[in-house]
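Undergrad: Sequences and hints are given; from them, build the entire structure.
In order, the protein sequence lines correspond to chains A and B.
Plus 880 on top of the position in the first sequence (first one is 1) and you've got the working numbering.
Plus 880 on top of the position in the second sequence (first one is 1) and you've got the working numbering.
Calculated from the structure, these hints are not laboratory results.
Treat the hints loosely; a few may be bogus.
All copies of an identical chain are treated as equivalent in the list; a pair is satisfied when it fits inside any one copy or across any two copies.
[As the list claims (entries may be wrong)] Below are the DSSO-like pairs computed for lysine-lysine, each with C-alpha atoms no more than 30 Å apart in a straight line:
#, residue 1, residue 2
1, 890, 961
2, 901, 1053
3, 929, 1053
4, 929, 983
5, 901, 991
6, 961, 975
Values in this document were obtained by computation on a predicted structure and should not be read as measured data.
There are 2 protein chains.
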Amino acid sequence: MKALEERILKDGQVRPGQILKVDSFINHQMDIPFINEIGKEFKRLFSDKPVNKILTIEASGIGIACITAQYFNAPVVFAKKAQSINLDGDQYTTKVQSYTHRKTYDVILAKRFLGPEDHVLVVDDFLANGCAVNGLIDIIEKSGATLEGVGIVIEKGFQDGGRELRARGIDVKSLAIIESMTDTEITFREQD
Amino acid sequence: MKALEERILKDGQVRPGQILKVDSFINHQMDIPFINEIGKEFKRLFSDKPVNKILTIEASGIGIACITAQYFNAPVVFAKKAQSINLDGDQYTTKVQSYTHRKTYDVILAKRFLGPEDHVLVVDDFLANGCAVNGLIDIIEKSGATLEGVGIVIEKGFQDGGRELRARGIDVKSLAIIESMTDTEITFREQD
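TA: Okay, here's the thing in structure tokens:
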């Protein structure tokens, strides 16, 4: 998505540790008309899939998922970082490692919001080592739902998450894939 | 908002401790067309205010804020629960006590996303004792921005948050105000 690459070059900031900050338009302040363009692009890319539910994880995926869901006429379900695991068996649980915060947390999703009848598009803002997306896929598998695809705003192509997911046959589409990143230059992977 | 009161009666669940669960349509699974109706109603209620920014707090306020922002042509800024406080002075910080999780956490907002030029509508899913909203107002005051109003989806009218905010002259509008709540009955406050 050309407009996204241009916006990253204009407003993104590279920080030590190969961290890309896009918090002026994606994940702290949110440019809503721009995120609508992102939602429309996800719809274009997954228009052949029978998506009836958008799945994401709190916190920064939620806004993008909600705007995107409007183009699919589908509800959003967001997995929650657990404060405490409720053991009454009414929720799916999985573990997700946070690269940024260097810790592992429990993620939960109420069972009644995902089941074998669902066709799911996973949406998130970033894909790097794939921990968050893998946690969501684990929940989808536990629920018996069908994973139709994964829509990512920005993929760090120099980390392994996207490659590993595609090697498993999962339809991952990232609107911008960063091939390499230094303080002074960001290079994107060519996409059709 | 009549449709919201009806939806709460139909799909809300009262849990011990006067907890109202609306997680099938508001804050775990999200009914996006319904949240669009909520966004339109906020626009109707605050149509006379020169709002140029929607402010909320992660996580469950984000989706509602994003959908609502479409009706105001304004960006969303969401305050973050801090993993670690960055002391370089480029962010506002405040403390928020969580009623549900019985703990206090630090909340941050990057200074460059809120300043004296901003006219802010605060949006959140719930108002009970007002801790989250008071934290956001504290950040607005520190930034020099103007608070135009507070839009809440569901207010627990039997707790003090809404009353105290209105006593300070803050324009709080809640789409549904619960006057009382038992296992078998939810009563709403009459509103114009």
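Undergrad: Output the indices of the hints that this structure fails to meet, ascending.
TA: Violated hint (a single one): 4; every other hint is consistent with the structure.
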